[in-house]
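Protein chains: 2
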Amino acid sequence: MPYSKILANIEKHVSLAEGERHFLLEQLELKEVQKKAYILQAGDTCRYFNFVNEGAFRAYYLSKEGKESTVMFAVSDWWITDMHCFINEQPAMLHIQAIEHSSIVRLSKEKLNLLFEELPKFERFFRVIMQNAYTREQLRVLENLSLTAEERYHNFISKYPRIVAHVTQKQIATYLGITPEFLSTIRAGKT
Amino acid sequence: MPYSKILANIEKHVSLAEGERHFLLEQLELKEVQKKAYILQAGDTCRYFNFVNEGAFRAYYLSKEGKESTVMFAVSDWWITDMHCFINEQPAMLHIQAIEHSSIVRLSKEKLNLLFEELPKFERFFRVIMQNAYTREQLRVLENLSLTAEERYHNFISKYPRIVAHVTQKQIATYLGITPEFLSTIRAGKT
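Top to bottom, those sequences are chains A and B. Using the numbering used here, read the first sequence as starting at 175 and increasing by one per residue. Using the numbering used here, read the second sequence as starting at 175 and increasing by one per residue.
Here chain A stands alone, though its shape is the one from the complex:
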């Protein structure tokens, strides 16, 4: 059943009665995404909060000079959007692209607000995933400030083995903010 993963993800944090589960399912929309297709492009309205059912995605910022900076990766069982733009209803700053053939379950902002109104325990679910996302980003800021690129690379591969299995070394370099050449040097153990 296509929604079993998202239900398990949500029910890790809140327990749903049968009627609540049914109401939740009515708000969801399953979507196939071809490899290299975009579910969001910079400048678009960011309308969806996306659960990765299968596959892998990368959210990145593309500078005027053409430099890509990876803000996040998401594999199966992760949520991904351009949160700033989703929340504040501003044009997206990020591109979100499927790294491989994928499927997502998406929740529009209207449906999410409806869930907050009709199913108050959804507030708890969203609160928990937001606090986890916040602590993850705060640790990342801390690592950026205090660790060397080599230490950050080793932390990344030990913390996110499921992501490493789906992405290229070049993409990891754009996440760490280093050049692919420098990452090669790190991987060769020469730093």
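Zero decoy hints are in this set.
Copies of one chain are not kept apart here, so a pair can be met inside one copy or by any two copies together.
No farther apart than 27 Å at their CA atoms in a straight line, the calculated lysine-lysine pairs in the BS3-like style are these:
| id | residue 1 | residue 2 |
| --- | --- | --- |
| 1 | Lys238 | Lys333 |
| 2 | Lys186 | Lys205 |
| 3 | Lys295 | Lys186 |
Worth flagging that the hints you see were computed from the coordinates, not collected in a lab.
Assemble chain B onto chain A, guided by the hints.
Quick look at chain B alone, frame taken from chain A:
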């Protein structure tokens, strides 16, 4: 009345009935903090989520080599804690120090959990501040990856004028991850 600021902060996001406001007030604890005193030190159990009533605080990581990295500042009307350690009940990684004579309203983890149970709309309040904190940190990661130190400095002073009024240039340098000397060069317009 000492709790008027925190009530206004919370009631920006949720409206409280008289009885709810009263219950909330019973969980809060006002505390004076001398200039340079710590409300958290690395290694301690992080038990409190702190609202800055008056004054200013700085949360920083101190490396084994003695290098300070500022993770966040907080002035009046902001919340501050070591969120990762508060949530996951691990020893604090950060030091949180009063930059000037301050007062905080603190909420212990037990009281926060009690609020979530007894006052479900507090889930909404916490969800909103967590999503704001997450988007702030995600933008910071994005700026770290894509902007020069000079651009990040100018963004910081235009985004947080109230913080700039309370902190030293050296502290801002440790937030931006640059040396105080390099920040002086930026301020002199020489980059």
